[in-house]
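J.: Just so you know, the sequences run in chain order A and B.
Residue numbering for the first sequence follows our numbering, starting at 90 and increasing by one per position.
Residue numbering for the second sequence follows our numbering, starting at 225 and increasing by one per position.
There's no promise every hint is true.
For lysine to aspartate or glutamate, the following DMTMM-like pairs were computed, each having C-alpha atoms within a straight-line distance of at most 25 Å [what the hints assert, rightly or not]:
#1 B/Lys264 <-> A/Asp301
#2 B/Lys333 <-> A/Asp313
#3 A/Lys319 <-> B/Glu325
#4 B/Lys320 <-> B/Asp289
#5 B/Lys342 <-> A/Asp306
#6 A/Lys319 <-> B/Glu294
#7 B/Lys284 <-> A/Asp301
#8 B/Lys333 <-> A/Glu103
#9 A/Lys319 <-> A/Asp301
#10 B/Lys284 <-> B/Asp311
#11 B/Lys286 <-> A/Asp306
#12 B/Lys301 <-> A/Asp301
#13 B/Lys301 <-> B/Glu332
#14 B/Lys264 <-> B/Glu296
Hints were generated in silico from the structure; no laboratory data involved.
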Amino acid sequence: MIAALIIVFREVFEAGLIVGIVLAVTRAVPHRNQWIAGGVLAGVLAACVVAVFAGALSNLFAGMGQELFNAAILVVAVVMLTWHNVWMARHGAELAGELRSAGQAVVEGSKSLLALAIVVGVAVLREGSEVVLFLYGVLAGGSDSGLSVGLGGLIGLVLGAIVCMLTYFGLVKIPTRALFTTTTILIALLAAGMAAQAAAFLEKANWLTALDNVVWDSGWLLSDSSIPGKALHTLIGYTDQPTAMQLAVYLAILLITFVLMRLYGAPTKAKAVAV
Amino acid sequence: MSLSRTLSNAAMFVAVALFSVAATGAANAQAATEIQLSYKDKKFDPAEITAPANTAIVIKLKNLDAKAMEFESKTLKVEKVVAGSSDATINVRAQKPGRYEFFDEYNEKVARGALVVK
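Given these sequences and hints, build the entire structure.
T.: Here is the structure:
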């Protein structure tokens with residue numbers, strides 16, 4: 090039971106953090122609950138589909154299907170997160186202000202919600218398919234009692250939901266004005282970290298072999314498989330042995346986000362910078 | 225406004241540079257050490273594998289159990305789901321000499337093995 094609890098918790102932990110952040114980001118947006126719940130549900134369904142076809146997926150691209158699939162869905166999440174930040178740079182003020190209830194803002198807001206719902210779906214999908222495979226393996230005639238494993242899995246899931254709620258309530262404690270800046274930075278770091286992870290998957294598939302030297306090894310200080318290391322891995326993309334390519338991709342995403350936010354951000358902001 | 229233009233040029237440059245480097249890099253992949261490994265009844269066979277240092281390693285893993293397993297090594301930075309009764313290829317980057325443990329994440333306590341790099 091404890092083993093099942095640990096495995097399930099380890100997998101839902103990352104998704105819990107991401108859902109918590111997205112909930113805090115969309116705090117002021119109407120109808121956000123349906124969108125995010127939809128994202129979670131779609132993620133769970135997709136996780137089941139991926140689990141069923143795990144064998145077939147692996148065999149694609151000379152056995153590297155899994156890695157390339159992971160890289161691809163991470164790239165989708167990076168694009169969505171970056172787009173959300175750029176969109177918020179332009180419309181964030183209207184959304185948080187009195188125009189919030191105006192019809193146009195609701196329509197516009199749902200565009201950004203779709204992007205974030207996709208991010209949530211991707212996070213749940215990535216972690217979920219492993220949980221499904223594990224639980225299925227146990228239920229399909231293992232020697233362990235199915236009931237105790239199910240219970241362990243359920244407790245792991247509940248703990249993951251608690252991580253999600255702690256993240257959410259921790260973030261919404263921040264005053265609204267500062268919350269916007271905080272979540273913008275959080276999302277940019279989240280996107281950069283995911284992009285570096287996508288690069289790591291491409292490296293494992295041997296699709297990306299340039300700049301593959303490990304730049305540093307900080308495993309002695311903070312292993313990325315410990316719980317705090319894992320949290321930092323999800324939040325800011327911390328890795329204890331990053332390659333030069335992962336670092337380059339990480340910095341490139343931060344730079345691109347910054348530039349796009351400047352270029353397409355609210356005109357008033359640009360004027361303020363120019364002065 | 226000129227600041228943002230400079231920055232966007234810089235971003236464009238970084239992106240182009242990354243892609244061209246990636247494209248040339250993919251062409252010259254070096255010869256790797258290939259290791260056969262099988263997994264049955266929650267045991268790796270052989271339980272200890274060896275490989276030379278500073279060379280890329282490819283592990284060909286056969287999961288002979290009907291259940292899926294997840295090949296994982298924290299020190300090798302590898303995590304790969306292998307469906308029941310199927311094969312998987314695991315690429316490991318060149319390593320320094322040392323002992324690197326791996327395990328099946330779904331049966332972490334019993335299903336363990338190690339890669340010794342010399």
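J.: Each of the hints needs a verdict: does it hold here or not?
T.: Against the structure, the hints:
1. B/Lys264 <-> A/Asp301: Roughly 33 Å between the alpha carbons, so the hint for B/Lys264 and A/Asp301 is violated.
2. B/Lys333 <-> A/Asp313: 20 Å, holds
3. A/Lys319 <-> B/Glu325: Between A/Lys319 and B/Glu325 the Cα gap is close to 19 Å, so the pair holds against 25 Å.
4. B/Lys320 <-> B/Asp289: 32 Å, violated
5. B/Lys342 <-> A/Asp306: 20 Å, holds
6. A/Lys319 <-> B/Glu294: Answer holds: A/Lys319 to B/Glu294 is near 18 Å, not above 25 Å.
7. B/Lys284 <-> A/Asp301: Since the Cα atoms of B/Lys284 and A/Asp301 sit roughly 22 Å apart, the hinted pair holds (cutoff 25 Å).
8. B/Lys333 <-> A/Glu103: Between B/Lys333 and A/Glu103 the Cα gap is close to 23 Å, so the pair holds against 25 Å.
9. A/Lys319 <-> A/Asp301: 22 Å, holds
10. B/Lys284 <-> B/Asp311: Judged against 25 Å, a Cα distance of about 7 Å means the pair holds.
11. B/Lys286 <-> A/Asp306: Violated, at roughly 31 Å.
12. B/Lys301 <-> A/Asp301: Holds, at about 14 Å.
13. B/Lys301 <-> B/Glu332: 16 Å, holds
14. B/Lys264 <-> B/Glu296: 16 Å, holds
Checked against the numbered hints above, the structure breaks hints 1, 4 and 11 and satisfies the rest.
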